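Trainee: Here is how the chains run, residue by residue.
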Amino acid sequence: MAKEKLATNDDIGLEKRLELYRLQIEIRDAEKRAHDLFLQNLIKGTSHLSLGQEAIAAGFGVALKKGDKSFCTYRGHAHTLARGTPVEGVLGELMLRDNGLMRGKGGSMHLTSVEHGVMGSYAIIGAHLCIACGSAWRAQYLGEKDVTACFFGDGTTNIGAFHEALNFAVVWRLPVIFVCENNLYMEYTPISEVTAVPHPAADRAAAYGLPRILIDGNDADVVYRTASEAIAKAREGGGPSLIECLTYRHSGHSRADPAKYRPPGELEKWLERDPIKIYRQRLKDFGIGQDQIDAIEKESMRKVDEATAACKAAPPAPVDLLTADVYADGGWAWRN
Amino acid sequence: MAKEKLATNDDIGLEKRLELYRLQIEIRDAEKRAHDLFLQNLIKGTSHLSLGQEAIAAGFGVALKKGDKSFCTYRGHAHTLARGTPVEGVLGELMLRDNGLMRGKGGSMHLTSVEHGVMGSYAIIGAHLCIACGSAWRAQYLGEKDVTACFFGDGTTNIGAFHEALNFAVVWRLPVIFVCENNLYMEYTPISEVTAVPHPAADRAAAYGLPRILIDGNDADVVYRTASEAIAKAREGGGPSLIECLTYRHSGHSRADPAKYRPPGELEKWLERDPIKIYRQRLKDFGIGQDQIDAIEKESMRKVDEATAACKAAPPAPVDLLTADVYADGGWAWRN
Amino acid sequence: MAELSYRDAVIRAISQEMERDNNVVFLGEDVAKAGGVFKATVGLYEKFGPHRVRDTPISEQAILGAAMGAAMTGLRPIAEIMFSDFAAVCFDFIANEMPKLSYMTNGQLTCPLVIRTGNGAGVRFGAQHSQSIENWTMMIPGLKVVAPSSPVDVIGLMAAAVRDNNPVIFHEHKALYSTKGEVPDGEIVDTLGTAKILRAGTDCTIVALAMMVSRALEAAEILARDHGINAEVIDVRSLVPLDTRTILGSVAKTGRLFTVEENPRLLGWGAEIASIVADEAFWDLDGPIVRITTPHIPLPAADHLEDLALPNASRIVEKIARVMNG
Amino acid sequence: MAELSYRDAVIRAISQEMERDNNVVFLGEDVAKAGGVFKATVGLYEKFGPHRVRDTPISEQAILGAAMGAAMTGLRPIAEIMFSDFAAVCFDFIANEMPKLSYMTNGQLTCPLVIRTGNGAGVRFGAQHSQSIENWTMMIPGLKVVAPSSPVDVIGLMAAAVRDNNPVIFHEHKALYSTKGEVPDGEIVDTLGTAKILRAGTDCTIVALAMMVSRALEAAEILARDHGINAEVIDVRSLVPLDTRTILGSVAKTGRLFTVEENPRLLGWGAEIASIVADEAFWDLDGPIVRITTPHIPLPAADHLEDLALPNASRIVEKIARVMNG
Ligand SMILES: Cc1ncc(C[n+]2csc(CCOP(=O)(O)OP(=O)(O)O)c2C)c(N)n1
Ligand SMILES: Cc1ncc(C[n+]2csc(CCOP(=O)(O)OP(=O)(O)O)c2C)c(N)n1
Ligand SMILES: [Mg+2]
Ligand SMILES: [Mg+2]
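So the sequences go chain by chain: C, L, H and W.
For the first sequence, the numbering used here gives the first residue as 1353, with consecutive numbering after it.
For the second sequence, the numbering used here gives the first residue as 1353, with consecutive numbering after it.
For the third sequence, the numbering used here gives the first residue as 508, with consecutive numbering after it.
For the fourth sequence, the numbering used here gives the first residue as 508, with consecutive numbering after it.
This is chain C alone, in the form it adopts within the complex (with noise of 0.2 angstroms):
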């Protein structure tokens, strides 16, 4: 009965909330599994996971459409697996591999799919978000219909750069989705002790004549809906939008933080509003069976061991590489 009537009020739909769901567990899957290729010492250099915010990445993905764009930051798996990125390409280019999406020239913190929508990951704090206004304003200057949508955490709201990009979109009215997914903390700071307001993002929407936004960022409903709001509203002309998510990461800010510096309790209370338990619950509420439930975790889990299994079997990029696309013509040569 109550599930009937839930069913029926249903403003997402069957199909898009299994997408949703489906977005969640395969960043989940993917994610772990580049933990796991950690501790096997197969990935080298550093990685960023987003455990805990995939509700965020997994939103935008389902809400944005193909030809859409999207910016993120080194913190970028969730991001580009939620346009439909093959997980080997992410995995690959994690293990700095000839398969890597940009076969391991530009590593984890830059994972780039442009095929998909992915037009970068940028791992200078801020600089995205003047990209992603110039991406916005190609649509608008060409009349195309595509959003750009740039992806970014609370810390990055203290940078020069977010402050320009904000203003400069608002005075552009350009079609671009800024989306903060405050997770408390920049690497090991707490936000709050470096920000002099409590909502980094929402409590400067103003100071661009924006709305404040603020919503619940472990709760794929809604932060699809208000990524669908604010799509509509940006490819109907109608600007920018600054939208932030509160999220939490469950691991550390990178491979080599163990977290030490959270207060004790923290964690396990966001665990219990971990975006894949409440999303699984909804699932049922919206009476979608178990076996529904199973047969979307089975299929990812198979994706992903397919996937690392590509990628352990990949060689390394050619050394011709190394040289290789320093500029367009594909050559390095600054002399003659």
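Just so you know, these hints were derived from the structure itself, not from any lab.
Nothing here was measured: the structure is a model prediction, and the numbers come from that model.
Here are the simulated lysine-lysine pairs, BS3-like style, with alpha carbons at most 30 angstroms apart:
#1 K687(W) <-> K1612(C)
#2 K546(W) <-> K1396(C)
#3 K540(W) <-> K1384(C)
Label-pair restraints from in silico Cβ distances:
#4 N1393(L) <-> S522(W): 56 to 62 angstroms
#5 L1494(C) <-> E1620(L): 42 to 48 angstroms
#6 E1620(L) <-> D528(H): 43 to 49 angstroms
#7 G550(H) <-> G1617(L): 22 to 28 angstroms
#8 P557(W) <-> L1391(L): 54 to 60 angstroms
No residue lacks a Cβ here, since even glycine has one placed at the ideal position from N, Cα and C.
Fit chains L, H and W with the ligands to the known structure of chain C by using the hints.
Mentor: Coordinates of chains L, H and W with the ligands only, in the frame set by chain C:
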């Protein structure tokens, strides 16, 4: 009768009132003289006048105490004079002579007089807001009681450094006062065309947890009162303030600018609110006689004439200054 | 053929490219309605309208970020950074974002844009508005770097820069804006990475850039007249790509190399050329390689001090004559 | 005497100076409570307290601006820029504000501070977290630039930098943090502007910096063993001031110069040294000056590609042997 009444509940007092007028007149006379000197081609390089904005520099000049620090911009003649810097040093620097504040090495955009608390004029937008934070931090750290005032324009609120400085100053609760002189234009572009909010500073104060302060920048009394409050707050450890002063520059952005971009009638409207005109009337309302006013004006003109004569007689700096003071040892040696 | 100022050449160059390609857009501070603080973009707003020629806030990071994002998704923006000194407030885009995009993405993305900026001294603007920063940009892998010395080169090299598929920094020299030169009619397109021998000579090679070119040429005439030294003068024009062939060829002939650089001494662009010649043309050299540069100091505002700081014809002559004649 | 890691040497150096002078303060991102992302400031917060060791927002411009404003009014701040690549987001302070302050104010103000930053490659962090930017900083008049290669130099040069009255950029090499070396007990204070001859030789001079020093030394041993080439190896240590006397003296003896540079080729620090030697020591040279550098490319993340990009002992040996013996 009215006069008496006013005079009796005069919170500012005769002495400070006369000083506020004296400073405004001296700044006005010195800058008009600078303008004449261009026309005689005695000033090389660029120069940026504050004609019409004198009440702000004067209001703060009277409110700040000896030992307080101020930071300003290329449009800094007024703020430099307002701290008691001799006219000759300022005009001499504009004329790039040996008697200039920096003996011609810095030029009009970098007026500095440390003995008067003028900690430099900065010509690249934004930086000095961050630098002012450091001056205030030093006072806080050493338990020194001086405060730091930082002057900048409306256009400066759209650059990243503004955002970083404001957040930083609030988080560290620094004794610094940020003074935005909103003269409606950046160089030639109306601030309203490039800013997401109507009041570039005041409408952003909340983004840093600060109260909204928007005042008439052409009334020296209003500026003096607001400045005094903010300074007292900073001195008592109450942290920073952001003050937006509405004003208007009567001349172009720089000597090169005829200011053709101004809509007809705009200048005229603001000339009616000329701070000098307003304040001369104010003095009369407080019963100060024409003779006293004339005396102030005569003395100011005398000083400016004297300074001008000294500058015209002054030689250029000796050429060995070219390589002096690159490093703190006074020299420029980068090798042995 | 018509006489055109360096300033008007900038306008003509941008017009030529915007007329040719609708994807060329232009943005910067005070560049549209006001025509730019150097009046080097006057009329573009009227000609191409508010969608293609846009005024921005004082937000250099947003300006370059917007240009980059537009470039990687299909446009060919020209962005103005008013004074080249301000490259420092948006250097992340110049050094870390634009030039690494193609490489980091394994060629998935490119960044076809031009950053034009007012570079150089001679206008008494002091230490923060007079720098020659060509060396700041030359050292960054993935960038191309151009610095024209004449109106015709402004047009040809700007056209080449706009048509190039890489980020190109286009250094316009502030003190050259009012200088004039003959410019042919019709479309002008030059080639990046090509130096020009402006004066043939046999005794030594003088390599110069931008405002230093005319001073090197003046010096060469005096050297010939008063010192019997016949100098070959090369305008590098493009620091990246670098036309090493022309430079090495000249040194092979003359056996002597001098650079005339407006940037301050340490790691001025001439250092790279000197190191290339000292390696690859060592056996051609008949004597020391000498760099004539602005001393390694910030620039003073005072006219007589600024004039003293920059290399000029007499300093070039005095130096070369002393080095060559004993 | 004790063995200390390069990382712990940083901690000891800062401690030594903070104990000595109460005006020395330290700020940066995640440096205080967390002890820094490279763990190179662990314990300072506990030792000197929240007023002297401060965490900041992600605001590099505010960090350097605050350091500068404090320095010009009486403190001696040490500011951390976590990765040297991030110098680009605050380059206005590094290139335009700090180094020009004394000059522009005619000596009214000075800027005694240290910017310490994690420089260099070898940790598979990719193009935006691995750069060697010593050349970005060497080219700016008014700065001093230091890059130690060993724990003892970290302490001595940091002490000298903190006591210097100018802005000093202190490049710590990320890949050296875990390396160890012998360090004497007690206060250690070195001198800026002094290079060190780490291996005496007669056949050629190899000048190296930071992580390249150990590779140059390794190469020198192989050159002696396998090629009969006795190389003198100089650790420059300080790019500004530059100890040209030691370098020129060595070249006068050996007649050959090689530089080993981690920074990319164009205007790498060795270009300046090459140009000085090609001018002032030309007649001492018995053959070409050769620079061995990272190619002029952004850095790849993949380990095998990154290893291939950076100069290593075998590449140094192969190059020098080829140049000298044939
Ligand atoms: C300009 C710049 N400064 C500092 C860093 C180092 N850094 C990398 S991630 C990070 C924390 C970012 O915090 P936040 O924006 O909240 O994103 P999160 O990592 O929490 O997703 C910092 C300081 C950087 N990459 N770029
Ligand atoms: C980083 C930077 N960008 C651009 C400029 C060029 N510029 C000098 S003054 C100015 C306008 C500043 O406007 P505002 O802050 O309102 O100050 P005002 O001149 O009106 O006093 C601009 C854009 C600069 N000096 N620095
Ligand atoms: Mg965070
Ligand atoms: Mg203004």
